[in-house]
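Undergrad: Protein chains in written order, with the working numbering: chain B, 1 to 382; chain H, 1001 to 1382; chain E, 2001 to 2325; chain Z, 3001 to 3325; chain F, 4001 to 4062.
Be aware that one or more of the hints could be misleading.
Stated by the list, open to error - From the derived model, a few chain H residues whose C-beta atoms are all more than 10 Å from chain B: (1) Ala1016; (2) Glu1020; (3) Gly1118; (4) Asn1131; (5) Ala1285; (6) Lys1303; (7) Ala1314; (8) Ala1327; (9) Arg1336; (10) Lys1348; (11) Lys1377; (12) His1379; (13) Lys1382.
What the hints assert, rightly or not - Pairwise CB distance ranges (calculated): (14) B:Glu375 x F:Asn4026: 32 to 42 Å; (15) Z:Glu3022 x B:Trp367: 29 to 39 Å; (16) E:Lys2306 x Z:Lys3196: 27 to 37 Å; (17) Z:Lys3196 x H:Leu1340: 53 to 63 Å; (18) B:Ser8 x H:Glu1067: 22 to 32 Å; (19) B:Lys148 x Z:Glu3022: 18 to 28 Å; (20) H:Thr1364 x F:Asn4026: 35 to 45 Å; (21) B:Glu179 x E:Arg2050: 45 to 55 Å; (22) B:Trp367 x H:Trp1367: 34 to 44 Å; (23) F:Val4050 x E:Asp2189: 30 to 40 Å.
No lab work stands behind these hints, which were simulated from the structure alone. Note that CB positions come from ideal geometry on N, CA and C, so glycine has one too.
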Amino acid sequence: MKDRNHLSRVNVSHSATIIENGLIDIPMLQLLQADGTPHKDATLPDIDKETALKMYNTMQYVRVLDERMIAAQRQGRISFYLACTGEEASTVGSAAALQDVDMIMSQYREQGTLAYRGYTTEQFMNQMFSNEKEPNKGRQMPIHYGAKELNFMTISSPLGTQIPQASGYAYGQKMAGQEAITICYFGEGAASEGDFHAGLNMAAVLNCPVIFFCRNNGYAISTPAEEQFAGDGIASRGLGYGIKTIRVDGNDIMAVYAATQQARKIALAENCPVLIEAMTYRLAAHSTSDDPTGYRSKDEEEKWREKDPIRRFASWLQQQGWLDEAADQAHVEQTRQEVLTELKRVEKVPVCVIDEIIEDVYDTPPWHLQEQLRELKAHISK
Amino acid sequence: MKDRNHLSRVNVSHSATIIENGLIDIPMLQLLQADGTPHKDATLPDIDKETALKMYNTMQYVRVLDERMIAAQRQGRISFYLACTGEEASTVGSAAALQDVDMIMSQYREQGTLAYRGYTTEQFMNQMFSNEKEPNKGRQMPIHYGAKELNFMTISSPLGTQIPQASGYAYGQKMAGQEAITICYFGEGAASEGDFHAGLNMAAVLNCPVIFFCRNNGYAISTPAEEQFAGDGIASRGLGYGIKTIRVDGNDIMAVYAATQQARKIALAENCPVLIEAMTYRLAAHSTSDDPTGYRSKDEEEKWREKDPIRRFASWLQQQGWLDEAADQAHVEQTRQEVLTELKRVEKVPVCVIDEIIEDVYDTPPWHLQEQLRELKAHISK
Amino acid sequence: MAKMNLLQAINNALITAMTDDERVMVFGEDVGHFGGVFRATSNLQEKFGRGRCFNTPLTEQGIIGFANGLASQGSVPVAEIQFGDYIFPAFDQIVNETAKWRYRSGGQFSCGTLTIRTPYGGGIAGGHYHSQSPEAYFAHTPGLKIVIPRNPYQAKGLLLASIRDDNPVLFMEPKRLYRASVGEVPEEDYELPLGKAEVVSEGSDITLLAWGAQMEIIEKAAEMAQNDGISCEIIDLRSILPWDVETVCASVMKTGRLLINHEAPLTGGFASEVAATVQERCFLHLESPITRVCGLDTPYPLAHEKEYMPDHLKTYEAIKRCVNF
Amino acid sequence: MAKMNLLQAINNALITAMTDDERVMVFGEDVGHFGGVFRATSNLQEKFGRGRCFNTPLTEQGIIGFANGLASQGSVPVAEIQFGDYIFPAFDQIVNETAKWRYRSGGQFSCGTLTIRTPYGGGIAGGHYHSQSPEAYFAHTPGLKIVIPRNPYQAKGLLLASIRDDNPVLFMEPKRLYRASVGEVPEEDYELPLGKAEVVSEGSDITLLAWGAQMEIIEKAAEMAQNDGISCEIIDLRSILPWDVETVCASVMKTGRLLINHEAPLTGGFASEVAATVQERCFLHLESPITRVCGLDTPYPLAHEKEYMPDHLKTYEAIKRCVNF
Amino acid sequence: TSAGAAVRQGKALASPAVRRLAREHNINIADVAGSGKKGRVMKADIEAFVKGGANTTKQAAS
Ligand SMILES: Cc1ncc(C[n+]2csc(CCOP(=O)(O)OP(=O)(O)O)c2C)c(N)n1
Ligand SMILES: Cc1ncc(C[n+]2csc(CCOP(=O)(O)OP(=O)(O)O)c2C)c(N)n1
Ligand SMILES: [Mg+2]
Ligand SMILES: [Mg+2]
Ligand SMILES: [Mg+2]
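Chain B with its partners taken away, still in its complex shape (with noise of 0.2 Å):
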C-alpha cells in the first residue's frame, strides 16, 4: 500500500490567513460588446455563416414560441408554460456547441437546447397539449419534453436531481468508450440543493466527461440571487470542487458558444468535468403562474432588456453582412404563423387511450395494474 498524504499540496503560514470573498476574481467572457460589435482584443471562436444563422434562427425560433404559448395559455389552451425570453443566448449558444452524440440534461427553461437540436414545432406541441403523439404520452405537465433520439433526457421537475445523474451518464459514456460528453444545465436556485454537492464533487472525483452549466438569472422564481448565496455566483463553487470554472457572459452567444466549445474539449480529453457560469437575466416571468411585479421592478427588467442577447447577436450577423433586417423579420412573422398554425393543428389531437395509464409503470405490467385497469374501464363504462 502506497503512503498517503493528503497534506502534501498544503503550505504552512505563522499567522492566521482568512480565506473570503474578494480573494480571487472571476471575469466574465464577453466577446461581443453591447451593440454586437467584438471587442477589440477578442478572438471569436471560428463560426460559419450557416452555423451562426442557425443559432441566430434558433433563438428567434424560441423567442416566437414562448411568445405564442404565453398566450396560448392565457388563452386556456394550454395548462402551463415556461418561457426563456433573456436567455436564448446561453441555452442556443452552448447547444451549439455540442455534438449530437453529447446527452442534455435539462432543468426546464433550455427549450433552446431542444430547439436546436431539431425538436420540431408539432413535437413541441404534441408535449404542451399531453397528446397520445407525445412520446412522454401525456404524462407531464407543459415544458417537461424528452427526445431519445435527440438525446434530450426526459425532463423531470424536482430541482437539481439531473445534476448527479448527469455525473453518472457521463460516466457510463466513458466506460462505454463513446466519444461523447453530458451536459447538464440547471439555475442559480437549484444550485442550492444537495444534489448540487453530491453531482459535482462526484464528478470530479470519479473523473466525469460532464459540462455543468449554470444558468445565473437572477431569481429563483421570486427569490434574488443575494438571497440565494452569499458567494461570488456559482463560479466561485468550482474552486472548491476541484472543477476547472468558466464564466460567460450568458447574453453574449458567440462567448457561450467559446466556452461550451473549450469546455467539451477539457472534458473529453481530460475525462473530468467543467463548470460553466452563464451570467444572464430571466426577463419572462418564472412561468404563467408567476407574476413578477410583486418582487422587482420594471425598471430593473427594462435595463435588461437592453441587453437583449437576439439584439446583440443580430447586429453582429448584420455587421458580417449575414442577415438582412427585411428578411429576418420575414422569417420571423413566418416561423410565428408557423407555430400558430400547429397550434390550431395539434390541440385537436387527443389523448392517449386510457390503457396507457398502466403502462411504463414497470417494464410489463404487472397483474394487480391489469387488475386496476379493468376495474377503471368497467367504471367508466357505466
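Chain B is fixed; fit chains H, E, Z and F with the ligands onto it per the hints.
TA: Below, chains H, E, Z and F with the ligands alone, put in the same frame as chain B:
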C-alpha cells in the same frame, strides 16, 4: 423596489479565464513546531497556565479513555467504541476557545470537547453502558453522548445532518439575543453530504453565528480523502459560500485554539459563519468494528504517530515550566485507574425500566403506545 | 367571524401565532417578501420583519435541517415546503432527525416546536410532481404528528394547535381547496384537537372515512347513496398520526362497514393501516370487507388525471358494493 | 454446491453478474479496495478494475443520483447504501426519480437496470440508526421492486434476478444473517423469480407470513405451535413490491387465518397492506382477525432491543390467540 | 351439495358478523349449511339453525 444587479461585482474579460486548483493558496496555520517550540514569527494566543493545563489534561484524559474503552470493547463489556486518538488537539483546542453558553453539535469523534466541558467519567460510562442513569436513557449506541446542561447536543449517527441544524440553532441564538454561538464538528467525509452544502449556504445567507469545524483526518472509514474530493481540502469550499475560512494544523493545539478564538469573535461580531479546516489524521481505527490494515500501511500511520499532538503540547508546556514529566505520568496513571474503577462500578448499573421504551417518542405517550406497553408487559410477565 | 378561503385562514392562523408568540418564525422558498407561491405567507414579512419571516435558499433538506436546529434551540419554526412533492429531499431530516430527536436524547432536547407546512394533492392538472399525497410515507414514523384540514375553519384551528403542540407536526394543506373552499372563520384565536377524528355526519349502514380534499368527495358520494336509501356515517380523520382508532372503530362497530378514500396510490397508502387495524378490532362486527377507494398504483398522471382520481362516482359504486355484499 | 454464508452468496452473485455482463458496475461508500464495511464487495475491485468497482464520496443522494443517470445511460449499476438507516437522504432520488423515470418519459428512458443493495434490520445492538427495516417506506412507490432474501441460496438467486430484471430493484439484505445464515449455494448462475412468494412449509390452521430475517422467527414459532397441535403454513413473501397476493390469499383461503410478522414498527408497516388486501379478498374465509406481530411504534431502541423485537415468543402467543379466537 | 362442501374445505364461509351471531347462539358455524353463493352462511341460516330442524345442518345439506 430597489433594483438588483447580480452582476455588480463581476469584471469582464475578453478571453476565457479558467478557474482551477492551485489558483489560490490556502495555507495552514501552525504556531508550534514539531518539538513544541513556537515558530519564530508566530504570535501565540494569550493563555494562562490553568487553561493550558486543563487543555493538556483533557487531551491526556481522552487518550486514556480511548485506550480503556477499546480494551473494554475487546473484552465484550461494551458493544462499540470509537476513538479520537491523534485528533485530541483539534477538539480540545477548539472547545477551549469557546464559552460554556455556546452550543456544541458534534459528529461523534469529539469526546475531547465534552471532556473539556466537564462531562465526567461516570457520565461517559453511563452512556456507554446504556444504563438508567444516562440522560439519553440507554436508547443509543455507545459514544452517542448528549448533555443539555453542558450545551452539548445529543449525537445522531446519520452523517452531516447536524450541519444545517447548527445553522438553525445559531440563528435561534441570534434571534433570542444571546451572546452565544454554535460550533458544528464534522469529518471531511461527512462534508460530502448534501446537508453540508445546505447548512453552509444557509448559514452564509441567513447570517448565522456558527463555526463549522471540519476535522480533515484523511479518511472516512476506508475511503481516503483523495477519493472523497478533488479540490483543495474542505477549506477551498468556504470561498464558494462566501464564508470566512481558516485552515489550521489540527495537531497543533495552540493553532487550533487561536483560530477558534478568532472565529468565535468574527462569528459574534459580524453575525456570520466561519469555516475552520483542521488538518489531522485518524490514528485510531475508524471504530472498534474496523481494521485499518485492510486499507492503509503501518508506515503511513507511523509517520503520523510522530506528529502526536499531545507530545507537541507537552513539550511546549515543559518549555514554559508548567509541566513536570513525572507528575504527568502519575496523573495519567491515576486517570487510568479512575476510568477503570468507574467502568467496573458503572457496568453493574441496570438499564432503564421497560416503561421507558415508550417514553419520549412524543411529549406524553399516546394511547396506542400505552396499549403496546401494556401488551408487552403482559407478554413479559408470562 | 369572517368569510375566508383556506389560504386566508392559514395566513390568519400564522398571523395569530406570530402575534401571540414572538418565538414563531416562518420561512421557506419564496415565503418572504413575495408571501409564498400560493400567498399563504402574504404580509408576514412586512408585519413581523425579515428576521421572523424570510426566504431560504432552494434546499428542502436545508430548510428542515435548519428548522430542526432552530426548534431544538427553543424557537418555534413553521417551515414551508413549497409542494408536498418536493418534501422528499428532506425525508432524512424529518424521519431520522425530527422524529427521533426527543427519543434519542431521553427527552433532553426535542423538535416539539416544529411545524412543517406543505400543500399536497391533485386535481389541478399538475402531473406527478405537483399532485402527490405523501402522507403515508410519513405515517410509518413514530414521533411525528400528521394533520390535514378539510376547510378554512379546520385549517386555522388545527394549524394553531399544531404550532403550539409540543410535538413536531407535518401539516398538509389540500391545495385544490386553497381558493375553492370558503367558509366562516372566527377572527379570534382558537384551537382544534390533534389526534381526534370528527364525525361529520351520522349514519347507520356504512362508515365513510377520508381527510382533506377527499372529504368533499365522500360527502358527495354519501348524498348519492342517500338517494338509494343508504345511510352513511361520515368521518374526517383530521390526524393521520397518531390517528383516532377509537372514533373510527366505534363507528364501524355500529355500521358494520367501512370505506376509506384517499388520493394516494392504493398500495401502502394510509387506508391500509386503517383497514388492518379496524379488521382486527371490529372483526366480528364486519358485514362486508373494508373497502379502499384510492389512487391507482401508478405515478399521478396528467392526461388521465380524472380517471386516476378516486372520485365520488367510484366511491358511490363502492358504497353500493359494500352494502350489497 | 458450496457452503456459503449470506455475505459470500452476495459476493458470489456480484462476481457472477459482473463476469456475465461487463456493463455491471458496483459502487458505494467503502465498497472499493476495502470491499465494503461488511465485505460484501470483497475482491471485486481487484477482479474487475477500479472502473467497475469503486468507492464513492460519502453522499447517499449522490450515489443514487449517479446510479440513476448511469442506469438511464444503459449501464447496469449495483449501488450500495451502507446501512438501510442511511438510505433516506436518497429518498427523493429513489421515489421521485428512479421510480418515475420510465413512466414520465413514456418508456423512452428508464432506470430498469438499477439495483440498490442495502443491509437492514436489527438484533445487532445497533440502536435506531443501525437497525431500521425501511421496506414499507418504499412500498408506497409504484415503479419500484423490493426484494428481501432469507438465506444464502435465496440471496444469490434473487440478487441475480434483481440485477437482470428490467425494473429498478431495492434489494434489502438482513444483516443479522450476514454471517449467521450459512447454507448450500450452487456455484453456477441461477435466478429465483421476483414477485413470487414461497410456501416454505404447508399447514392447515394458520398462515404465517414474513420475509428476511424474520423467517427464522416464524419458523421457530411454528415449531412451538406444532407441539400444541397447531399446523402452520409458512410463507416467505420474498418480494415486497409487487407482492404475491395470489399465493398469500390462496393460503389464507385454506387456513382461514393469517399472521404477519415484521420488525419495523406496526403503524404503516407493510403488514398493514397485506392485512388490508387479504381481509378484502378472503373476507368470507377469515376465522379470526388478521394479526400483525411487529415492532413497537417507537424508534428502534438499544437497551430494550430484545423487548422491542417481534420474536418467536410473541409470535407463538399470537398464533394461539388467533387459533383460539 | 358436495360441491359446496368442497369449496368450503371443512371451514365455514361467512362474514365475521355472521360468525358473531353464531357465537352468540353458541353454535359451531361449521355445522350450519349456507344458503348463499358457494355455501356462504348468511344471517338467516343461523337464525333458521337456531330455530331447529335437522335439514339445516351441514350433514343434511351435503
Ligand atoms: C426540489 C424542488 N423544490 C422546489 C421546486 C419549485 N420550483 C420550481 S422552479 C423554482 C425556482 C428555480 O430557480 P432557478 O434554479 O434559479 O431556475 P430559473 O427558474 O431561474 O431558471 C422552484 C423553487 C421544485 N421544482 N423542485
Ligand atoms: C448518512 C450516513 N451515511 C453513512 C454512514 C456510515 N459511516 C459512519 S462514519 C463514516 C465515515 C465518516 O468519515 P468522516 O466524516 O471523515 O469522519 P471520521 O470518521 O474520519 O472522523 C461512515 C461512512 C453514516 N453514519 N451516516
Ligand atoms: Mg434562476
Ligand atoms: Mg475523516
Ligand atoms: Mg409543534
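Undergrad: Could you run down the list of hints and mark each one as holding or not?
TA: Hint check results:
| no. | hint | verdict |
| --- | --- | --- |
| 1 | Ala1016 | 5 Å, violated |
| 2 | Glu1020 | 5 Å, violated |
| 3 | Gly1118 | 28 Å, holds |
| 4 | Asn1131 | 37 Å, holds |
| 5 | Ala1285 | 15 Å, holds |
| 6 | Lys1303 | 7 Å, violated |
| 7 | Ala1314 | 21 Å, holds |
| 8 | Ala1327 | 31 Å, holds |
| 9 | Arg1336 | 32 Å, holds |
| 10 | Lys1348 | 43 Å, holds |
| 11 | Lys1377 | 40 Å, holds |
| 12 | His1379 | 36 Å, holds |
| 13 | Lys1382 | 40 Å, holds |
| 14 | B:Glu375 x F:Asn4026: 32 to 42 Å | 41 Å, holds |
| 15 | Z:Glu3022 x B:Trp367: 29 to 39 Å | 34 Å, holds |
| 16 | E:Lys2306 x Z:Lys3196: 27 to 37 Å | 35 Å, holds |
| 17 | Z:Lys3196 x H:Leu1340: 53 to 63 Å | 56 Å, holds |
| 18 | B:Ser8 x H:Glu1067: 22 to 32 Å | 30 Å, holds |
| 19 | B:Lys148 x Z:Glu3022: 18 to 28 Å | 23 Å, holds |
| 20 | H:Thr1364 x F:Asn4026: 35 to 45 Å | 43 Å, holds |
| 21 | B:Glu179 x E:Arg2050: 45 to 55 Å | 51 Å, holds |
| 22 | B:Trp367 x H:Trp1367: 34 to 44 Å | 39 Å, holds |
| 23 | F:Val4050 x E:Asp2189: 30 to 40 Å | 59 Å, violated |
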